[in-house]
Amino acid sequence: MPQFQPVLLANVHNEDSHTLRAYEAVGGYQSLRRVLKDNSPDDVVETVKNSALRGRGGAGFPCGLKWTFLPKDHPGPIYFCLNADESEPATFNNRILMEEDPHQVLEGLILSSFATKTSTAYIYLRYEYPLSLKRLQGAIDECYAAGLLGKDILGSGYSLDVFIHRGAAAYICGEETGLIESLEGKRAWPRIKPPFPAVEGVFRKPTVVNNVETVACVKHIMDRGVEWFKSIGVPPNPDNPRDAGSFGPKLYCISGHIEKPGCYEAPLGITARELIEDFGGGVWKNRKAKAAVPGGISMGFLRHDELDCPLDFNGPGKYDCLGLGTAAVTVVDDQTSMIDVLHNCCRFYAHESCGQCTPCREGTSWALRMMDRIRAGRGRLIDLELLLEIGDSIGIMPGTTICGLADGAAWPIKNVIRKWRDECEDYIKTTNPSGYMETDPVPAMDLVQLH
Amino acid sequence: MTSEKILTDQMIAEIQAYFPRYPNKQAVTLPALHIVNAHLRHVPLQAVVEIAELLELHPAEVQDTLTFYGFFKQEKPHGETRAWVCRSISCALRGGEEVLAHLCETAGINPGETTPDGKLTIEAAECLGACEFAPCMLAGEDVRKDLDNAKADRFLEELGIR
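Chains as they are written, first to last, in this note's numbering: chain A, 30 to 480; chain B, 1401 to 1562.
Each hint should be verified, as a subset may be incorrect.
[Unchecked claim] With a cut-off of at most 20 Å between alpha-carbon atoms, the simulated SDA-like pairs for lysine to any residue come out as follows:
{"no.": "1", "chain 1": "B", "residue 1": "K1425", "chain 2": "A", "residue 2": "I107"}
{"no.": "2", "chain 1": "B", "residue 1": "K1425", "chain 2": "A", "residue 2": "K66"}
{"no.": "3", "chain 1": "A", "residue 1": "K66", "chain 2": "A", "residue 2": "E53"}
Honestly, the hints are just simulated from the structure, not real lab data. In this text, all values refer to a predicted model and were calculated from it rather than measured experimentally.
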C-alpha cells in the first residue's frame, strides 16, 4: 500500500486547529470562495455525483444521488440537516472532526447547502458532545462575523443560516427520519418511507440529511476533484451492477481490547487486520483477537479467522456481517466470553429501541431477558433457537419494522450464535447442567437496570 | 392550574430566542426542555404546562416528547453533578461496568439515583463516543477518561462525597 497522507485529519493536531485563523492558514474556505464565484449549485451536485461519494453515516447511500432526489425548481424552503447524532457504539469519528476541525465540517456543510439550494441548515448534535457544541458554535460565530455565513455570503448572493439543535440522549435520533421528527419537537419515531425526506422531510419540506464526515468529504472533492477522490479506495465490483464502489478516504475508529485505541484515516478497503496491527498496535496485553466488530455493533461480528475482511462498503457483507456501518472496529480478545459480549449488545438495543414497531420493541427486550437468564445460569439450548428466531424476524430486511435499528439489533444475535455456536452451547451446558435440555416455557426474568 | 409559575422571565426569554430559528414553535420543544433542565435540573409537570403555553401546544404534546427521551427527570432535580458512566461495548470490554458498580457502591446509590446530599446523580449511559478513552464517563461537561476504581474514588472525593 503506498503511503497514504491523511486528508480529513490533516490538521487536527495543529495548534488551535478549531479556530478560523488556523483553518484559513491551511487554505480553509478557499474551495468555498472559488465555488461561490465560479460554480452553480448544479455543478457541485454533478461533481459530487461523479465522485461516487457514499454516505459515511452507516448506510453508504450515494450522496450525489440523494441530492438529485430533491424536487426540481421547488419554491422552497429546502432544509439541510447535518446528522451529528453519532451514537453507534464505538463510533467517534464525527466527534474528532467537530472538536478539532469544526471549520472543515462547516465548509463542507456550506458547500452542500449551496448545492442543495438550502438557506437553513440544522446541525442535529447529540447531547453527549459538549465540547463539540462549544467548538461548533464558536466556529459558526466566527463564520457569521467573517461573512462566511448569513446573508449574501462573500457577496455571492447566496444566504445560509446554520443552527445547532441538541439531542437528548436517544440513539434513534441518528436515523434520518427519527432525527427529523425529533427536530420537529416530537418523539423520534422514524417515518414510513416513502415519502423520502428529499420529497417531504422536516416541516413537510424537501430535506437532505447527511453525516458530518460526508460533508467533510464534499469539501475535499470540491478542493481536489473527482479524479483524486476516485484514486483512493476500491472500484465497483464489475459483477455487481448495483455496486457504486467504495471511493475516498475514511475515518476508522478502533477501540476495545486494542493497544492504541483511536481514530485513524485510511483509504476505504483497508482490512480489519491492517487496522488492528498497523494502526491499533495489535490486540492489548499480547493477547489474540477472538472477534472484531467491523463497523459499530449493528454490523455484527467477524471471527478471528475473518480479519482479512476489507473494510469497504461491500467487504463485511461477504463475511455475513451487515455492512461497513460507521467503520468503527471494536476488538474482543480471546479471554472474553461471547455471551457477555452479546448480552451487552442486546441490552443496548433493548434500551434504544424507540418502541414504535412491535417486533423491535418486543424482540429486543425479550432477547435481553433471555440473555439475562442465560447469564444467570438458567439458559436452555432452545433459547439459542428462540434468539435466532428473533434475529431472523426483526428488521427492514424481513420487512417487519419501519427502520433499520432492528436489523442492527438482529445482527449481533445472528452472528454470535451462528459463528460461536459451540461456545454458546458450552456456556449453557456448563452453567445449567441439570436444565439445559428443558424446552418447557419458563417465566421471564425481570429486566434489570434497563434505564 | 393554579400552581405558582415556575418558568422565570430569563428562562422564557431564552426559550423565545429560539423561535426565529424554526418555521414553527413546536420545534422549540427540545431546546425549551434543555433550557428549563439547565436551570432547574429537572422539568416538573408545571414547567411542561408553561412550556406548552409558550409554544402554543397542548401540555400532552410536550409531555409526550419529554417522556420519550428518558433524559429529563420530573419528580425531583438530579444532583449538582450528573455523571453518565458508559456501559456500552468498548467501555465494558475495558472494565466500564465494574467502574459503574464501584461508583454506585461507594456513593451508596443505584444508577439513576441521586446521593441524599444532592451532590451527585449517577446514570448508566450508552456509548458516549469517547471510546479511545474507555472506560469513560461524562460528568457535567467533562469527559473523565481511562477510568479505574482509583480514579472513580478521586472523582467522588472532588465532589466531597467520599
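Hints, one by one, checked against the model:
| no. | hint | result |
| --- | --- | --- |
| 1 | K1425/B to I107/A | holds, 18 Å |
| 2 | K1425/B to K66/A | violated, 36 Å |
| 3 | K66/A to E53/A | holds, 18 Å |
Going down the numbered hints, you'll see the structure goes against just number 2.
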